[in-house]
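Chains as they are written, first to last, in the working numbering: chain A, 1 to 444; chain B, 1 to 444; chain C, 1 to 444; chain D, 1 to 444.
If you are wondering where the hints come from, they were derived from the structure by calculation, not from laboratory data. Backbone N, C-alpha and C define an ideal beta-carbon position, used for all residues, glycine too. Don't take each hint at face value.
Straight-line C-alpha distance at most 27 Å; calculated DSS-like pairs for lysine-lysine [to be verified]:
(1) D:314 with D:439
(2) C:174 with A:174
(3) A:174 with C:187
Across the chosen pairs, the derived CB separations fall in these ranges [what the hints assert, rightly or not]:
(4) D:92 with C:119: 55 to 61 Å
(5) D:415 with A:291: 50 to 56 Å
(6) D:116 with C:147: 54 to 60 Å
(7) C:322 with D:31: 47 to 53 Å
(8) B:91 with A:368: 24 to 30 Å
If you want the ones that stay clear, here's a sample from chain C, every Cβ over 12 Å from chain A, calculated [to be verified]:
(9) 74
(10) 140
(11) 179
(12) 180
(13) 183
(14) 192
(15) 224
(16) 244
There are 4 protein chains.
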Amino acid sequence: MNVGMLGELFATISERGRRLIERRGEIGRRTRTPEAVIALAEDLLSHRGEASGTARASEILQAYAHFSAEERIVFFDALAGRFGVDPVRLKRAIDAYAAAPSEETAQELHLEGEPRRQELFRRLNLAPGGTQSLVDMRTHLLSTLKARPALEVVDRDLVHLFTSWFNRGFLVVKRIDWTTPAHILEKIIAYEAVHAIRDWDDLRRRLQPADRRCFAFFHPALADEPLIFVEVALTRDIPDAIGPLLAAERPPLAAREARTAVFYSISNCQTGLKGISFGHFLIKQVAEELKKDLPDLEIFVTLSPVPGFARWLKTERGDGAAWLGPEDAAALDALAADGMTADEDLRRAASPALMRAAARYFLEAKTAGGRPVDPVARFHLGNGARLERIDLFGDVSPKGLAESHGVMVNYLYDLERIEKNHEAYAETGFVAAAPAVRKALKKD
Amino acid sequence: MNVGMLGELFATISERGRRLIERRGEIGRRTRTPEAVIALAEDLLSHRGEASGTARASEILQAYAHFSAEERIVFFDALAGRFGVDPVRLKRAIDAYAAAPSEETAQELHLEGEPRRQELFRRLNLAPGGTQSLVDMRTHLLSTLKARPALEVVDRDLVHLFTSWFNRGFLVVKRIDWTTPAHILEKIIAYEAVHAIRDWDDLRRRLQPADRRCFAFFHPALADEPLIFVEVALTRDIPDAIGPLLAAERPPLAAREARTAVFYSISNCQTGLKGISFGHFLIKQVAEELKKDLPDLEIFVTLSPVPGFARWLKTERGDGAAWLGPEDAAALDALAADGMTADEDLRRAASPALMRAAARYFLEAKTAGGRPVDPVARFHLGNGARLERIDLFGDVSPKGLAESHGVMVNYLYDLERIEKNHEAYAETGFVAAAPAVRKALKKD
Amino acid sequence: MNVGMLGELFATISERGRRLIERRGEIGRRTRTPEAVIALAEDLLSHRGEASGTARASEILQAYAHFSAEERIVFFDALAGRFGVDPVRLKRAIDAYAAAPSEETAQELHLEGEPRRQELFRRLNLAPGGTQSLVDMRTHLLSTLKARPALEVVDRDLVHLFTSWFNRGFLVVKRIDWTTPAHILEKIIAYEAVHAIRDWDDLRRRLQPADRRCFAFFHPALADEPLIFVEVALTRDIPDAIGPLLAAERPPLAAREARTAVFYSISNCQTGLKGISFGHFLIKQVAEELKKDLPDLEIFVTLSPVPGFARWLKTERGDGAAWLGPEDAAALDALAADGMTADEDLRRAASPALMRAAARYFLEAKTAGGRPVDPVARFHLGNGARLERIDLFGDVSPKGLAESHGVMVNYLYDLERIEKNHEAYAETGFVAAAPAVRKALKKD
Amino acid sequence: MNVGMLGELFATISERGRRLIERRGEIGRRTRTPEAVIALAEDLLSHRGEASGTARASEILQAYAHFSAEERIVFFDALAGRFGVDPVRLKRAIDAYAAAPSEETAQELHLEGEPRRQELFRRLNLAPGGTQSLVDMRTHLLSTLKARPALEVVDRDLVHLFTSWFNRGFLVVKRIDWTTPAHILEKIIAYEAVHAIRDWDDLRRRLQPADRRCFAFFHPALADEPLIFVEVALTRDIPDAIGPLLAAERPPLAAREARTAVFYSISNCQTGLKGISFGHFLIKQVAEELKKDLPDLEIFVTLSPVPGFARWLKTERGDGAAWLGPEDAAALDALAADGMTADEDLRRAASPALMRAAARYFLEAKTAGGRPVDPVARFHLGNGARLERIDLFGDVSPKGLAESHGVMVNYLYDLERIEKNHEAYAETGFVAAAPAVRKALKKD
């Protein structure tokens with residue numbers, strides 16, 4: 001291993017970051033109106049801006065950082081309008097293309113069709129900490145889109161830029177463990193979106209035991225900010241419930257005795273990078289790293305929530321749900337209140353109906369676009385995973401019961417079949433599923 | 001200083017790089033035809049490609065690495081043609097914009113005007129080492145442009161992409177010194193473009209003494225490759241000749257006694273990044289770092305070659321050069337043969353005319369676009385520097401004499417005035433110059 | 001900054017450490033009797049041991065790690081006896097010296113007087129993780145010394161060895177902050193000995209604010225274990241109470257506005273290094289680092305507990321305490337129960353007597369060796385600090401009241417006077433104290 | 001891999017070192033007489049010294065660094081005399097031991113037998129860069145020992161100290177390759193003692209090819225100084241000549257196809273650490289690391305010079321050498337002049353005799369202590385290696401011919417047998433040798 005040059009590079013980056021943080025106090029004092037900032041932005045795009053871009057970009061981003069929600073909207077409106085496309089130049093490019101269609105005139109057209117804000121964003125990125133500021137800016141923007149759909153053009157440009165900047169080729173996967181710096185770990189606690197981490201002791205239980213792993217993607221320009229992370233449990237068999245995995249007292253398995261790697265939680269960290277997809281890259285790379293380190297691992301599988309199931313089932317039942325026989329419907333009544341019944345017998349009685357409903361939810365319920373209605377299913381199936389097993393009573397926490405009557409599922413990542421599954425899904429919406437899941441559709 | 005997380009990030013990147021290098025031997029064996037590679041590229045752009053992009057991108061780039069010059073051209077032609085814009089979709093977008101011009105339809109037009117190869121390049125970057133491979137690909141492309149100007153559309157797309165990826169916000173400046181790893185240093189030797197570094201001892205003389213500095217820009221995705229570097233001498237006064245700076249035996253100045261930082265050599269390292277400008281960022285940042293470290297530094301100046309002067313002067317004289325009186329012309333005759341005369345008296349006699357000619361070269365001789373004809377002058381003036389002094393006999397090496405009759409110049413970076421100078425230059429072509437330089441224009 | 005070579009060295013060390021930890025599980029199974037371990041130790045000291053010392057040393061230390069308290073004593077007894085000095089060889093060396101006293105014969109005598117266990121310890125250190133194991137071994141040893149004073153010779157040899165190995169020249173001071181790895185930070189929580197750190201939030205309050213610092217000494221062979229650390233508050237003035245420094249809600253001071261650095265907690269971390277003194281080196285080096293970073297700091301001072309004061313005062317009063325007038329004695333009665341009274345008036349009334357008693361405790365109460373009876377005072381005065389101020393009601397926590405009736409003190413580190421103070425203290429026991437402290441001795 | 005804390009530790013150490021180097025210029029000016037330095041040393045050992053040891057130690061070492069050879073001797077004499085043992089205290093300890101021999105009184109005797117210079121050395125080590133200065137001091141000392149044998153007591157104390165400080169447990173093995181910093185690599189060039197490295201290109205040929213390795217031991221306190229390094233060639237079979245290994249043009253072997261690791265050069269770097277043995281630790285650890293990385297390696301072997309063979313043979317022949325028949329003697333005459341003959345026939349004719357002589361040199365020729373006369377043989381046999389093969393014409397360089405008539409040998413490190421071989425050698429001087437070598441002893 002050679003840290004050498006890169007170690008130095010990053011010492012440098014990190015020091016730069018630290019100085020930034022230390023200066024934040026001072027920054028706090030200077031403020032400017034949105035109009036003044038818009039004028040600065042025009043300046044940054046001018047010749048003048050070329051010579052002192054870094055300083056000007058910093059001024060703009062610092063001023064922006066103190067904007068109120070109202071001031072931000074003034075700035076966003078300018079981005080959408082004033083910093084949009086130049087219609088005169090665009091018209092000229094359209095005409096040139098029409099007169100002589102070619103790769104050259106098409107390219108000219110492409111370039112003239114680029115709104116000025118894209119170049120503005122690129123120049124703002126010159127500022128130290130610029131990338132983080134732009135990601136934050138998009139976080140703000142996203143929260144206003146509903147109210148101001150005209151700003152969506154701005155959002156689409158940021159997405160375009162971030163897709164290029166956060167290209168997977170620039171991302172670095174890093175193991176997160178108990179030797180990770182505290183300021184990174186506190187972000188793991190904060191960002192965990194699936195099974196909340198209560199405190200540092202809970203965090204330690206997910207990082208330190210021999211049969212636990214955690215990996216995150218980082219980007220050099222956001223070095224102290226994980227982009228996405230996945231938590232992994234190493235087990236003998238495919239688990240059918242989350243409770244035992246998260247239990248406080250638990251004898252850990254020696255890593256070498258594990259045969260299965262369970263991705264039991266995947267969390268995006270940066271709201272401002274919403275829609276820039278890293279998840280499937282992360283899962284595949286982590287699977288490869290684990291396999292390299294622990295060659296006896298045979299199965300890579302998730303233990304996933306089914307967030308929309310209870311709501312869907314309720315709607316279905318409200319609509320009559322012809323597929324649900326009266327007997328099943330009666331059995332399911334027992335789950336109505338809190339998502340589950342404490343009565344063992346009722347629960348046993350409801351199980352076949354619950355299984356059948358879940359299978360239907362995954363295999364037959366479709367969005368307008370012909371995809372499964374469950375968002376988690378769309379993510380994993382879209383990655384090429386297969387719906388491996390439905391786990392009744394997999395998550396009996398209040399949240400699990402409320403959302404999905406306790407149902408969880410395993411998606412299997414079979415590295416040999418990922419590509420085929422993905423292709424079939426992408427082209428026809430075909431859901432790869434284990435025979436047992438298909439069979440559950442049918443009434444016995 | 002906290003190396004922590006970033007140190008780890010980069011240990012990871014670097015290890016990845018090392019494994020790549022070690023695998024190159026094996027890679028050498030597999031080959032594919034350009035047609036097969038083009039099919040793979042189509043695949044990479046398809047749904048299938050999404051699921052296993054990294055592997056496919058690697059295959060393509062490995063196969064490309066073994067292409068002959070002819071095979072590359074087949075591939076480039078496909079990039080320019082087959083992977084160009086989709087005319088049907090573009091037409092549709094043009095029509096939509098024409099029907100209802102708005103930011104939304106303009107954006108659609110912009111997106112549909114993007115040639116498919118741009119997305120292809122982004123996906124190729126998924127491969128480990130992808131960025132380097134794409135930079136290399138452009139190196140190859142540049143060498144074919146003259147013969148095949150139709151490929152220029154491909155080049156422009158690569159420039160567009162690289163401008164975004166190599167945004168200054170992602171670059172890291174690093175000091176290069178005698179503790180830098182050897183594989184980086186050998187690149188400094190190889191890439192030095194102004195005053196060649198003869199061997200490791202010569203290199204050491206430029207790095208190790210207390211009054212020498214060297215800084216380079218790096219990009220995390222090309223961690224072992226400097227992008228551009230600048231060599232600096234710390235001196236008391238502004239030097240008027242390069243010889244003493246590069247002398248083998250030289251008592252070094254204590255850094256704290258220096259008042260002047262001399263940028264005496266700036267070299268771009270990556271042919272494939274030609275036209276992506278980093279130089280002015282580097283000079284300004286290095287000036288800032290030096291000032292922070294050595295607060296007594298007062299003057300930031302270059303000692304620069306004048307590569308086109310002798311050729312220009314010869315042409316002028318061939319054309320009559322009315323501005324050159326017969327006396328001056330006669331004095332300059334002495335320099336005709338090898339750029340200089342060994343005769344002290346003749347040299348002294350030629351000096352006023354040489355000075356006048358040089359002043360004219362910088363201040364009056366213009367390109368069609370109204371800029372100075374000297375490329376080095378355009379670079380520094382474009383950065384906002386001022387032409388500070390003309391140094392006759394500044395470079396009496398054979399190359400210096402042949403190119404510029406030994407003339408060198410100093411460009412002054414006055415951080416207070418950079419922006420103003422740049423703006424005037426950018427808008428009107430005005431050349432900032434010290435009064436003495438202006439005065440030299442006139443016959444006394 | 002150049003991480004280069006050292007970064008690599010330590011990547012290597014750290015990886016070695018990680019592998020060790022991972023192997024601990026397996027280690028757990030192998031056990032050996034003390035007799036078998038003693039035989040292995042003889043082996044390690046023999047010729048055979050030279051060839052495969054590392055493996056043998058590991059075996060011994062692994063077996064030792066599973067010893068029960070009884071088994072350890074068997075091993076310690078062997079260290080004290082069997083692995084002691086060789087009386088025959090020592091006798092011969094004594095005779096040779098007696099016959100011809102010289103540096104050479106004295107040296108021989110010195111060498112022959114070295115017990116065999118010293119060489120054994122040096123060879124045990126060959127094992128990966130050996131240094132930590134030996135430090136742990138001394139921790140065990142210390143706990144048995146009271147019951148088995150004959151083992152003190154073993155302890156003295158370990159002290160001798162550790163004094164050499166942990167020479168200050170091999171220690172590295174590191175700032176501890178919120179970017180420090182979690183496994184180091186949890187040790188800071190665990191080892192804090194003066195003002196307990198309740199949880200991670202409490203820790204963060206001591207590390208993250210702009211006016212807080214923490215530094216620790218590390219040794220390369222124990223890279224994940226701080227040896228000693230000091231917590232620092234940056235303030236305007238010398239503080240007279242610990243409560244405000246540790247308050248949960250507190251507006252932080254900008255570091256540049258601080259004039260005073262307050263060392264408010266110093267904790268040794270390794271029981272097994274008891275008596276190997278690092279504290280005064282740490283304080284002085286931290287003072288230097290702070291001064292370099294924040295040149296406006298003028299005052300370096302502690303805010304220290306007075307652990308033995310209440311006990312001493314009780315004894316004095318029991319003994320009559322002639323120096324305490326009846327009035328004072330009456331006033332102090334109010335503090336008898338819990339160390340303090342809640343009654344404002346009584347408290348005010350007791351203050352002069354408390355101050356007088358404290359001054360006497362520091363200036364007049366002496367150990368048999370003529371040093372102050374307070375151990376914290378001995379440490380700081382021994383370092384050359386001056387007793388600057390007595391702070392009544394400085395620590396009103398239950399512990400503070402019980403131990404010292406709430407009294408705290410400031411010791412001033414005046415870098416100009418440290419040497420003089422130390423010398424006077426070392427030679428005559430003279431206590432450097434501010435005039436106000438001396439004056440408090442006297443009844444007004 | 002976690003660089004984290006250790007990376008930081010070492011960034012710190014390294015920065016400390018850099019500051020030291022930068023200050024050396026200033027240091028140059030201050031000088032002191034040996035007498036003044038001796039007074040400072042007394043001071044450092046006094047109470048005063050305890051409080052400001054670091055500063056005082058620095059002063060002493062800086063002054064020492066400017067001593068002339070004569071001044072050093074004055075200082076060394078003081079170390080041997082004035083800073084020797086205290087005879088009064090030693091006498092008292094001897095008497096106490098005589099009166100009541102016990103571990104306690106023996107320990108007291110041991111402690112009182114320690115010369116004061118040992119504590120002085122430990123305190124000098126407080127200075128930044130102290131360890132290096134002390135190692136340098138010993139280098140100077142060694143060069144004076146011949147002329148002043150009374151200084152040997154000082155040397156023995158330094159050896160004692162260094163043996164403890166440079167305990168193998170504190171050493172770190174690091175791979176040296178083409179990404180190693182230049183200032184380390186230039187030391188590899190300088191220190192190579194067996195087969196000289198001519199220049200940077202020659203160095204690169206030993207580091208960069210896929211079938212070459214180099215490893216060194218480092219100590220944290222001398223982070224930029226290798227202590228010892230070994231160069232390794234990966235080959236299919238055991239090589240019988242050095243020439244092909246060092247050839248400039250050579251198709252490298254893929255590392256995975258290697259079955260044999262050849263240690264072809266081992267060099268100590270620090271004269272001041274002479275006699276502190278690291279070599280056998282390094283060979284064994286490198287063998288382990290290589291095996292882990294390349295599990296197909298089966299054979300670990302040296303290709304070693306035979307430095308004393310020609311001289312020994314000449315002496316033998318001068319003495320008659322009864323074991324050498326007249327025919328053999330005649331055949332060997334051909335080698336007399338330059339160590340070898342250019343005549344193929346004569347060379348072939350001499351081979352059997354040369355082989356017999358070499359076998360005798362290794363197996364029969366003994367020092368007074370009953371060990372082989374060849375120092376390289378003593379090193380490897382002492383490590384537990386076996387004399388595997390004699391390679392006639394293994395080194396036909398002028399040096400090789402002159403020293404050993406071109407003979408080289410392979411020592412085999414069979415990890416299973418090292419301990420046994422070492423023990424037999426250590427106890428009886430038994431030379432482990434392959435049957436073919438033994439057989440060569442006998443006349444056919």
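Here is what the structure says about each hint:
Simply put, residue 314 (chain D) and residue 439 (chain D) have alpha-carbon atoms about 23 Å apart, close enough for the 27 Å limit, and the pair holds. Taking the CA atoms of residue 174 (chain C) and residue 174 (chain A), the gap is near 24 Å; set against the 27 Å cutoff, the hint holds. A threshold of 27 Å between alpha carbons decides the hint, and for residue 174 (chain A) with residue 187 (chain C) the separation of about 24 Å falls inside it, so the pair holds. Between residue 92 (chain D) and residue 119 (chain C), the C-beta spacing of about 26 Å breaks the proposed range 55 to 61 Å.
With their beta carbons about 30 Å apart, residue 415 (chain D) and residue 291 (chain A) fall outside the hinted range of 50 to 56 Å. Distance hint check: the CB atoms of residue 116 (chain D) and residue 147 (chain C) are about 36 Å apart, inconsistent with the given range 54 to 60 Å. Checking the proposed 47 to 53 Å range against residue 322 (chain C) and residue 31 (chain D) shows it is violated: the Cβ atoms sit about 60 Å from each other. Distance hint check for residue 91 (chain B) and residue 368 (chain A): the Cβ-Cβ separation is about 28 Å, which falls inside the suggested range of 24 to 30 Å.
Distance check on residue 74 (chain C): its Cβ is at least 32 Å (rounded) from any Cβ of chain A, clearing the 12 Å threshold; non-interface status holds. No beta-carbon of chain A is positioned within 12 Å of the beta-carbon of residue 140 (chain C); the least distance is around 25 Å. Some Cβ of chain A comes within 12 Å of the Cβ of residue 179 (chain C); the nearest lies about 5 Å off, and the non-interface call is violated. Listed as a non-interface residue, residue 180 (chain C) fails to keep its Cβ farther than 12 Å from every Cβ of chain A; the least gap is roughly 6 Å.
The non-interface label for residue 183 (chain C) is inconsistent with chain A: the shortest C-beta to C-beta separation is roughly 5 Å, within 12 Å. Distance check for residue 192 (chain C) against chain A: the nearest CB is about 16 Å away, which clears 12 Å, and the non-interface claim stands. Look at residue 224 (chain C): its CB is around 8 Å from the nearest CB on chain A, not clear of 12 Å, so calling it non-interface is violated. Under the 12 Å C-beta cut-off, the non-interface status given to residue 244 (chain C) relative to chain A holds; the minimum distance is some 21 Å.
Comparing the model with each earlier hint shows violations of hints 4, 5, 6, 7, 11, 12, 13 and 15; every other hint is respected.
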